[in-house]
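There are 2 protein chains.
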Amino acid sequence: MEGEVGMRVAVLGLGSMGAGMAASLRQTGHTVTGFDVVDASRNAFAAGGGTAATSAAEAAKGADAVVSVVVNASQTEALLFGEGGVAAAMQAGAVFVSCATMDPDAARSLAARLEASGQHYLDAPMSGGPARAATGELTVMASGSAAAFGQARPVLDAIAAKVYELGDAAGAGAAFKMINQLLAGVHIAAACEAISFAAKQGLDLKRVYEVITASAGNSWMFENRVPHVLDGDYAPKSAVEIFVKDLGIVQDMARRERFPVPVSAAALQMFLAAAGAGMGREDDASLARVYASLSGATLPKSDGTKE
Amino acid sequence: MEGEVGMRVAVLGLGSMGAGMAASLRQTGHTVTGFDVVDASRNAFAAGGGTAATSAAEAAKGADAVVSVVVNASQTEALLFGEGGVAAAMQAGAVFVSCATMDPDAARSLAARLEASGQHYLDAPMSGGPARAATGELTVMASGSAAAFGQARPVLDAIAAKVYELGDAAGAGAAFKMINQLLAGVHIAAACEAISFAAKQGLDLKRVYEVITASAGNSWMFENRVPHVLDGDYAPKSAVEIFVKDLGIVQDMARRERFPVPVSAAALQMFLAAAGAGMGREDDASLARVYASLSGATLPKSDGTKE
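Residue numbers (my numbering), protein chains in the order written: chain A, 35 to 341; chain B, 35 to 341.
Where hints are given, some of them may not hold.
Here's a subset of chain B near chain A, in silico, CB distances under 8 Å, partners left out [claimed, not checked]:
| # | residue |
| --- | --- |
| 1 | L216 |
| 2 | Y243 |
| 3 | V245 |
Mimicking DSS-like on lysine-lysine, the simulated pairs with C-alpha atoms at most 27 Å apart in a straight line are [as the list claims (entries may be wrong)]:
| # | chain 1 | residue 1 | chain 2 | residue 2 |
| --- | --- | --- | --- | --- |
| 4 | A | K240 | B | K196 |
| 5 | B | K335 | A | K279 |
| 6 | A | K271 | A | K196 |
| 7 | B | K271 | B | K234 |
| 8 | B | K279 | A | K234 |
| 9 | B | K196 | B | K271 |
| 10 | A | K279 | A | K196 |
| 11 | B | K240 | A | K196 |
| 12 | B | K196 | B | K279 |
| 13 | B | K271 | B | K335 |
The set of hints was computed from the structure by calculation and includes no laboratory data.
Since the model is a prediction, treat every value here as computed from it, not as a measurement.
In this text, a Cβ means the ideal position worked out from N, Cα and C, and glycines have one as well.
Here chain A stands alone, though its shape is the one from the complex:
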């Protein structure tokens, strides 16, 4: 039923998240045009039946909603206001749905600039991986004007199982997301510190996983990431560099606000160590390998033996 009942939506950024969201939007009946600066991503999207544009501005032209699935604030700014930026191409009354995790100040600044020219900006960072993007079951932490929410509603309905409406201006969505990322990053580092320390002591790691996930030491991230360590599988489900970026934003925000964050600062050092050791694009459970290499702890290998 594509195109019969829906909006015209541009999806900018066709990596695993953007491609999944585009698919969800098409399945819900929207007319989707996609663009990615990477040829392979654009071609894969077209090969899957999507309509690929030759530029971001072309995709955005005439769209009711433009969904930005790029990585950070500077990419979002370039996409909106750089050479060939979409702000100039978007029609009046259209909404820009910004999904990147960024400093709330950056979200406020981008929104103010776009709103000045008569378009709407929804600050809408997401939670949930590619699998949930593909099934339209993301969680969105959103804030923006009533007009932005109103215009973006059909998009949100298509891509998200849960939309938190967190305020009437850009910035609140970003701020909530950063609180989540602070915790998530610390919990990944703590999980890797703990499971490697258990390995150093020669404990049965599968038993550690069983006991901890049923105890007060559990976290969403411990439960989700430690299986990668148990399997010796560091193929990137979420890469080390993501939290180098996100805990970096936390540090920048906290420094600006004169707020000490010693625990997340320590966690960031471990993500930096993993990236510095060459694992930046591998799974973030790779922090366990850093602890192991620093201590002589023995972790499981992917073939079931120990490395």
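Put chain B on the given structure of chain A with help from the hints.
Relative to chain A, chain B alone:
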């Protein structure tokens, strides 16, 4: 049916945990004798219908099982082998069930000394608070010889909903517990860092709690401790000093094993700061008050206003 079908059990340490365990043991039909060096605890136990002994050794004499509910390794050592210690009073074949959280090396040492004189030692640190102690629903992370487990079984059945059997010698139970405490301590500090940082940004903290507990940033501790901050209630459900102790043990173990633990080291500093600021005996969610006092963040007060 007290005393009709059960064992003779001594419970040494009648604080909120020990008193609850003694109650569970009595309800299950065991004959319980209790002792505490604190007169008030001993008198409260007697007033509640318990049989209080005049010394630990008197309580242990003739007991089939001696349950030690003291705070740490040094108290456990003093209880067993100090002046008037129970090791000399325990009959051959009786089991000493040690519930304190301690360094695995200390557990191994205590077990070896007690086993040398013909008694059994079960390394049995617990998880779960006073409420679950009172209903016999603790979680126990236990290790010890088959004889120790066999002799302690009726006690474990009475006090625990779940018993993890983690090895055939003392030390493994303690090691698993320390992995849990590493994570739990980091997660408390991270929860306080995050919720205070949210307060500094002026976010709606109840909404933060709602969003985070449904997101990847969640932890058992975030879910459990942040409500104390939202209520401005720092009456001690678990005191700051507990994790000064337990993360201190983690640091001691890690230093000895040449294992770097930067994340839990940073968390310990925040527990030390809270204790140093005079909150050692208050709830461990007090770390949020340390962050607030260092940054000018405004947290909820117990009367519903902000402090």
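Hint by hint, here is what the structure shows:
{"no.": "1", "hint": "L216", "verdict": "holds (5 Å)"}
{"no.": "2", "hint": "Y243", "verdict": "violated (10 Å)"}
{"no.": "3", "hint": "V245", "verdict": "holds (5 Å)"}
{"no.": "4", "hint": "A:K240 <-> B:K196", "verdict": "holds (17 Å)"}
{"no.": "5", "hint": "B:K335 <-> A:K279", "verdict": "violated (35 Å)"}
{"no.": "6", "hint": "A:K271 <-> A:K196", "verdict": "holds (22 Å)"}
{"no.": "7", "hint": "B:K271 <-> B:K234", "verdict": "holds (25 Å)"}
{"no.": "8", "hint": "B:K279 <-> A:K234", "verdict": "holds (22 Å)"}
{"no.": "9", "hint": "B:K196 <-> B:K271", "verdict": "holds (22 Å)"}
{"no.": "10", "hint": "A:K279 <-> A:K196", "verdict": "holds (25 Å)"}
{"no.": "11", "hint": "B:K240 <-> A:K196", "verdict": "holds (17 Å)"}
{"no.": "12", "hint": "B:K196 <-> B:K279", "verdict": "holds (25 Å)"}
{"no.": "13", "hint": "B:K271 <-> B:K335", "verdict": "holds (17 Å)"}
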